[in-house]
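Taken in order, these protein sequences are the chains called D and Y. Using our numbering, you'd call the opening residue of the first sequence number 1 and step up by one each time. Using our numbering, you'd call the opening residue of the second sequence number 116 and step up by one each time.
Think of the hints as simulated: they come from the structure by calculation, not from any bench. The model shown is predicted, which means the values in this text are computed figures rather than measured ones. Glycine residues also receive a C-beta, built at the ideal position from the N, C-alpha and C atoms. Check before you lean on any hint, since a few could be wrong.
Straight line, CA to CA, 16 Å or less: simulated EDC-like cross-link-like pairs of lysine to aspartate or glutamate [what the hints assert, rightly or not]:
#1 K172(Y) with E102(D)
#2 K66(D) with E87(D)
#3 K14(D) with E87(D)
#4 K213(Y) with E59(D)
#5 K170(Y) with D154(Y)
#6 K41(D) with E120(Y)
#7 K41(D) with D154(Y)
#8 K213(Y) with E102(D)
#9 K41(D) with E124(Y)
Covered stretches of chain Y, going by a simulated chain D footprint (3 or more residues, C-beta under 8 Å) [said to hold, decoys possible]:
#10 129 to 137
#11 160 to 166
#12 171 to 182
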Amino acid sequence: GAVVSQHPSRVICKSGTSVKIECRSLDFQATTMFWYRQFPKQSLMLMATSNEGSKATYEQGVEKDKFLINHASLTLSTLTVASAHPEDSSFYICSAQGTGLETQYFGPGTRLLVL
Amino acid sequence: SQKIEQNSEALNIQEGKTATLTCNYTNYSPAYLQWYRQDPGRGPVFLLLIRENEKEKRKERLKVTFDTTLKQSLFHITASQPADSATYLCALLSNDYKLSFGAGTTVTVRA
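Could you build all of it, start to finish, from the sequences and the hints given here?
Here it is in structure tokens:
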């Protein structure tokens, strides 16, 4: 149980394009979803927290107009990187927490490379 | 400032031995402390959670201790196997349900 999927697993795009990443909880309802970013050999950094039907809460230093989060249902959250630039290249990981689950469960991650 | 420090970046051990990883934290009052495993290019996989009122928790060959006075957790992998080779992350859950991660310790188990 508690499986989270992400799509796509890898994306390469040109600078200036927007990229959408989907995060789905497959076997539970995710009341809260989290988006993280991880640079090589560094720890995961929380970008934002989203609750279904509400606006996301962004961590300090994360641009909400750059990283658009939509948590439209209890099983789906999307992260859109608007007008991506090479410095946005990173590993993006989502996690989900549901009622009765003691912790967050993570997706497999999405590797973004912006050329 | 808040800090989570894992004892070393890398740990190399012989198969069958016990690997011991350390997680120290400052300026946190975590409700829970958790350990995750992360393989290259993959998301973290939850292993164990220990609450502030628990001293020790076990799961198969894994053991976690939590000392809130020392602000430290130890993570042990007993009878280690090459398949245990991965990066292990310590994470603290604060009262607002946010997880903060250490940088991780990469364990390599030699056959």
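Evaluated hints:
no.: 1; hint: K172(Y) with E102(D); result: holds, 15 Å
no.: 2; hint: K66(D) with E87(D); result: holds, 12 Å
no.: 3; hint: K14(D) with E87(D); result: holds, 12 Å
no.: 4; hint: K213(Y) with E59(D); result: holds, 11 Å
no.: 5; hint: K170(Y) with D154(Y); result: violated, 28 Å
no.: 6; hint: K41(D) with E120(Y); result: holds, 14 Å
no.: 7; hint: K41(D) with D154(Y); result: holds, 12 Å
no.: 8; hint: K213(Y) with E102(D); result: holds, 13 Å
no.: 9; hint: K41(D) with E124(Y); result: holds, 9 Å
no.: 10; hint: 129 to 137; result: violated (count 0)
no.: 11; hint: 160 to 166; result: holds (count 3)
no.: 12; hint: 171 to 182; result: violated (count 0)
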